[in-house]
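Take a look at the letters that make up each chain.
2 protein chains.
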Amino acid sequence: MAKVTPLSGFPEWLPAERRIEQHVMDTFRDVAELHGFSNIETRAVEPLDQLLRKGETSKEVYLISRLQADDEDRDKEGQKLGLHFDLTVPLARYVLEHQNDLAFPFRRYQIQKVWRGERPQDGRFREFYQADIDIIGQDTLPPHMDADVAIVMAEVLGKLPIPGFTISVNNRKLSQGVFEALGLTDIEGVLRQLDKLAKVGEAEVRTLLIEHAGASEEQADGCLAFARIKATHEDLAEKVNALGVSSEAIPHALEELSFVIRTVNASVPGACIADLSIARGLDYYTGTVFETFVEGHEDLGSICSGGRYDTLATDNRHSYPGVGLSIGLSRLVSRLVTRSLATSTRAVPTVALVAVADEEHREASVDVARVLRSRGISAEVAPSAAKFGKQIKYADRRGIPFVFFPSEDGRGEVKDIRSGEQTPADAHTWQPPQDDMTARVVATTSTK
Amino acid sequence: MAKVTPLSGFPEWLPAERRIEQHVMDTFRDVAELHGFSNIETRAVEPLDQLLRKGETSKEVYLISRLQADDEDRDKEGQKLGLHFDLTVPLARYVLEHQNDLAFPFRRYQIQKVWRGERPQDGRFREFYQADIDIIGQDTLPPHMDADVAIVMAEVLGKLPIPGFTISVNNRKLSQGVFEALGLTDIEGVLRQLDKLAKVGEAEVRTLLIEHAGASEEQADGCLAFARIKATHEDLAEKVNALGVSSEAIPHALEELSFVIRTVNASVPGACIADLSIARGLDYYTGTVFETFVEGHEDLGSICSGGRYDTLATDNRHSYPGVGLSIGLSRLVSRLVTRSLATSTRAVPTVALVAVADEEHREASVDVARVLRSRGISAEVAPSAAKFGKQIKYADRRGIPFVFFPSEDGRGEVKDIRSGEQTPADAHTWQPPQDDMTARVVATTSTK
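Chain order of the listed sequences is Z and A. Using the UniProt record's numbering, you'd call the opening residue of the first sequence number 1 and step up by one each time. Using the UniProt record's numbering, you'd call the opening residue of the second sequence number 1 and step up by one each time.
Heads up, none of these hints are tricks.
Simulated crosslink set (DSBU-like; lysine-lysine; CA at most 35 Å straight-line):
1) Lys159/A / Lys113/Z
2) Lys159/Z / Lys113/A
3) Lys80/Z / Lys113/A
4) Lys173/Z / Lys387/A
5) Lys80/A / Lys80/Z
6) Lys196/Z / Lys173/Z
7) Lys230/Z / Lys159/Z
8) Lys239/Z / Lys159/Z
9) Lys80/A / Lys113/Z
10) Lys113/Z / Lys113/A
11) Lys196/A / Lys239/A
12) Lys230/A / Lys199/A
13) Lys230/Z / Lys173/Z
14) Lys239/A / Lys173/A
15) Lys173/Z / Lys390/A
16) Lys390/Z / Lys173/A
17) Lys173/A / Lys387/Z
18) Lys159/A / Lys159/Z
Worth flagging that the hints you see were computed from the coordinates, not collected in a lab.
All chains should be built: construct the whole structure from the sequences, respecting the hints.
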């Protein structure tokens, strides 16, 4: 058999680690469904012209080709096919394709793997899960939907085994309004430089603004003062107005931004702040923009980002505005695993191993396991009729908390192998403690 | 925006159809975990030499390449990378790679998409879900594990909204033993011809056995008589012995096969029969082999196949025998959807739409929705404060069964929009009927 080696950028989990990933996905699903979001999945493959609508990502696409074919696989229009690199591009295509079968506003969540054709030596994930929620309107989408999606994500994050988190919010219209009021014209250029703040610091960004975004010293200082603002909905307007700039656009944008923060915090207290340094994505998003940081893990970057796009998709009949957020799920799970922020109480779902006295009595053990399962208790039968000590060790190695020793008619004794306590039990009535019923995922820190 | 067209072979579901797929997956997961199987996922990508270990499938592999790179992507050994076409090849590699971190016998289930580089014009699925369970031993794997995996699958299938099903079982050792006792030597050849029985019929297969598998007329008749046998564990030995052939291998193989059938049927009555016409996979499997057919949908072919392989994987220290079964999940879901065998009671998870009297009172509606959700009741707030008639229509179009009209402090009235009945309700205490709590997937036929 060929040598087996891990592939850099293609993460894989052991069963107990995968249990943590499952827990994150289950939590996401539960909360999204409580809020009335339906699940969809899109095919992994899109025509290349769809994937390259945003030119900048063209470097990161994986093309697929059939091993035995002469050329790359293509669709009917002759387009090459590639693996999707996010879930937004496929959503836009899905909405257009199925618009006659969907009810708008369309509330959907989606948890799927995406692929990026990164160079192997860059050490980045080349395959990873994203978990997205979006609300898509037909032609219109009310502003309160921006708060709706952030509330869902705040509730998800609040249930995960992570330390505290903050959803930082900005608004493209506010940034643009203030920069224009400062007399700047290259708004994209200003945003591009401000995006480097966390990496290179204020002094360097000040120079870059002057050298590459056409800013005067005074304008650069104005941009930095703006980007320094962190606020609640109560003091946001005051802090922005203190900059001494004004325009028609600013008050409306301020109202839109503080509405989102106030509304989200009313549902999930303390989840959101205004952070006017957020510049990433503002070339794509047209209003609200979100980034999310985990306390003590700011080096991870934003683990949950998104915003509003006035035209996610459009055809000759309708435009489809949307607002959504996406969790970089694999990156988050990877941090939970590698920093031991969370653990699964065991690697297997099994509550009880049913021991086998000898192979002639295996059937009695199978019967006990069946009765336990019919009552929702995960059970497996010992693989071999080894000495009981060996069977107990087998359970211990797998993290199974109980061993059931059958005697007759579903009765027998149950040993809690953690305490060593052994008591009479009947498979029809024995009830393990609620905490042992499933492999639970628990936070290992006390920071939350 | 580019023209949007479906891609042949890459199925996609609408939300209500995806709900059916989710239900099938959830059922599979629940049953597998009740039996103590842990979940894993493997990366979508394997080096080509791993994928081509079974030469015959080489035609169906999708290679991946980075759009901006000169060549296909390769691993450290210079191997091209391809998308996995099943979950068995990745499992073998995963077991070898992580053998020191796994407890054996390793019981795992896995539900993932696989890809096959079929020619587009063939109309086959090129992307689809498989759902596998396997038990992998280190060096040894007791025979009763064959029955264990079949019991899990029988329980899964028994809970799905399909008509009756039968797991047909054969054993490579029995087929081989009988063919050898008949004096045949080209066992692979005989199996290859017998595999065509369902397609071309007995007369044609008889000719093929003689022309291509070195059989005399008498031997061909013997093979056909053997393949005609369908039996329970009670009459299996009798029927095989009536063929008048004997060898040392036959009694042992008979015992192995009838043990599996007896054991599975003891847990799930009527699930299994011996069907000695099963020839597919017998070149790969080394003992038990399974195929599963759905009543009235035999044209689908086997929806759940598998068997025992004595060496799933091997390195210079250990060999890893395994036994497992795989459901062609997308194919099954596609049948459920296209033949309307199952439907979801609604497309959305939402139980109640909370109406909005006017935008000034939206907050009161948001509060009601929050209270409902805190009690596990999926709720969403009306997107706009349109006339109540329009809000009710909105709920109706989405299949949301209840509309909650708030008055004050979480109180108000609830309308069941199916019956039109409207009653006073308090968000803190109102309880919808259990049947309305989730979007349930129900069988639409009475065949089960």
